[in-house]
Amino acid sequence: MRAITITEPGGPEALVWTHVPDPEPGPGEVIVEVRASAVNRADLLQRQGHYPPPPGASAYPGLECSGTVRALGPGVTGWSVGQEVCALLAGGGYAEQVAVPAGQLLPVPAGVDLVDAAALPEVASTVWSNVVDLARLVEGDTLLVHGGGSGIGTFAIQLGVALGATVVVTARSAKHERLRELGAAHTVDYREQDFVDEVRRVTDGRGADVILDIMGASYLPRNVAALATGGRLVVIGMQGGRKGELDLGMLLTKRAAVHATALRSRPVEEKAAIVRGVREQVWPLVEAGRIRPVVHARVDMADAAAAHRLVETNDHLGKVLLVR
1 MRAITITEPG
11 GPEALVWTHV
21 PDPEPGPGEV
31 IVEVRASAVN
41 RADLLQRQGH
51 YPPPPGASAY
61 PGLECSGTVR
71 ALGPGVTGWS
81 VGQEVCALLA
91 GGGYAEQVAV
101 PAGQLLPVPA
111 GVDLVDAAAL
121 PEVASTVWSN
131 VVDLARLVEG
141 DTLLVHGGGS
151 GIGTFAIQLG
161 VALGATVVVT
171 ARSAKHERLR
181 ELGAAHTVDY
191 REQDFVDEVR
201 RVTDGRGADV
211 ILDIMGASYL
221 PRNVAALATG
231 GRLVVIGMQG
241 GRKGELDLGM
251 LLTKRAAVHA
261 TALRSRPVEE
271 KAAIVRGVRE
281 QVWPLVEAGR
291 IRPVVHARVD
301 MADAAAAHRL
311 VETNDHLGKV
321 LLVR
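When we follow full-length UniProt numbering, the leftmost residue of the sequence shown carries the number 1, and every step to the right adds one.
Hints were generated in silico from the structure; no laboratory data involved.
As the structure is a computational prediction, the values presented were derived from the model and not from experiment.
Possibly wrong hints are sitting among the right ones.
Subject to a maximum C-alpha distance of 25 Å in a straight line, what follows is the list of computed SDA-like cross-link-like pairs (lysine to any residue) [as the list claims (entries may be wrong)]:
no., residue 1, residue 2
1, K243, S218
2, K254, G216
3, K243, L45
4, K243, R41
5, K254, S218
6, K243, H186
7, K254, Q193
8, K243, Q48
9, K243, A257
10, K254, H186
11, K254, V138
12, K254, A225
13, K243, H259
Pairwise CB distance ranges, derived in the manner of DEER restraints [claimed, not checked]:
no., residue 1, residue 2, range
14, R201, R2, 51 to 57 Å
15, G277, E84, 32 to 38 Å
16, R191, L252, 30 to 36 Å
17, P9, E192, 31 to 37 Å
18, R309, G205, 38 to 44 Å
19, L114, A174, 28 to 34 Å
20, S173, G75, 16 to 22 Å
21, A59, A185, 41 to 47 Å
22, P107, G205, 43 to 49 Å
Cβ coordinates follow ideal geometry from the N, Cα and C atoms, glycine included.
Kindly generate the complete structure, drawing on both the sequences and the hints.
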């Protein structure tokens, strides 16, 4: 088969479409004939040499895909050859085929195009596991989403709205109209406005019940300041650095919580549990049309370098897909 390999850590030019050995299904695994994958920030970090795949995972980038089942490994039940699926991966999505633990497979939701389905597994798993399963977002809560124009952000807006939350997002002003169309009640231009002041203003001083943060250190003090009493901050990225100052006094006064999580490195059993939750609680919302994949562009998989350059500009809204 062919796959995108990383010749050496570096820029997009390090991504090379070349022939590699076909994957073989191990016990409990399924081989998926890939129709599309998606570009995630983790792929850019892996290409740069900063985010190696976990032990046992494919060396090729790609944390999600869509396609058809090609082969079943020993012990796999409930799936059939030729079935259209999408999947959460630890790596290997930038390829013609990929081996996937069966517990990380999802059926393509009714009404969703097979290619566009590649935009769903990673964001759905990340947002649901953090915002719903961990931070316990409920109807009537205020959800603050940083990076509202990203794949994570566009999905979080829709899921928050579907669950009855009021969603506030930070993003470049050029993206605000589209984000409001997705359901964001309030948009904040992080380059011109203080999101703490804006969150307090739109909540009558109460603050956000749940914050989904991709920035990390640079936003930590302000995120805690923006939390409501009993609020939950979930950090899922470090685009703003690894080390920040945490005001424990403010955290104690608010009886608030700070969580930090990662998805890729979790054990297979934990990922399978998350995928089950997504299938049970999120897929019905997708099939009802209340959540949809937001796709900025489709790029030929062999030209993954161009897709990485596009994502690095931060001009996109939603997901950039790699299509075969």
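For each hint, the structure was consulted:
{"no.": "1", "hint": "K243 <-> S218", "verdict": "holds, 8 Å"}
{"no.": "2", "hint": "K254 <-> G216", "verdict": "holds, 20 Å"}
{"no.": "3", "hint": "K243 <-> L45", "verdict": "holds, 18 Å"}
{"no.": "4", "hint": "K243 <-> R41", "verdict": "holds, 19 Å"}
{"no.": "5", "hint": "K254 <-> S218", "verdict": "holds, 21 Å"}
{"no.": "6", "hint": "K243 <-> H186", "verdict": "violated, 29 Å"}
{"no.": "7", "hint": "K254 <-> Q193", "verdict": "holds, 24 Å"}
{"no.": "8", "hint": "K243 <-> Q48", "verdict": "holds, 21 Å"}
{"no.": "9", "hint": "K243 <-> A257", "verdict": "holds, 17 Å"}
{"no.": "10", "hint": "K254 <-> H186", "verdict": "holds, 23 Å"}
{"no.": "11", "hint": "K254 <-> V138", "verdict": "holds, 19 Å"}
{"no.": "12", "hint": "K254 <-> A225", "verdict": "holds, 9 Å"}
{"no.": "13", "hint": "K243 <-> H259", "verdict": "holds, 14 Å"}
{"no.": "14", "hint": "R201 <-> R2: 51 to 57 Å", "verdict": "holds, 52 Å"}
{"no.": "15", "hint": "G277 <-> E84: 32 to 38 Å", "verdict": "violated, 21 Å"}
{"no.": "16", "hint": "R191 <-> L252: 30 to 36 Å", "verdict": "holds, 32 Å"}
{"no.": "17", "hint": "P9 <-> E192: 31 to 37 Å", "verdict": "holds, 35 Å"}
{"no.": "18", "hint": "R309 <-> G205: 38 to 44 Å", "verdict": "holds, 43 Å"}
{"no.": "19", "hint": "L114 <-> A174: 28 to 34 Å", "verdict": "holds, 30 Å"}
{"no.": "20", "hint": "S173 <-> G75: 16 to 22 Å", "verdict": "violated, 52 Å"}
{"no.": "21", "hint": "A59 <-> A185: 41 to 47 Å", "verdict": "holds, 43 Å"}
{"no.": "22", "hint": "P107 <-> G205: 43 to 49 Å", "verdict": "holds, 45 Å"}
Hint violations for this structure: numbers 6, 15, 20, all remaining hints satisfied.
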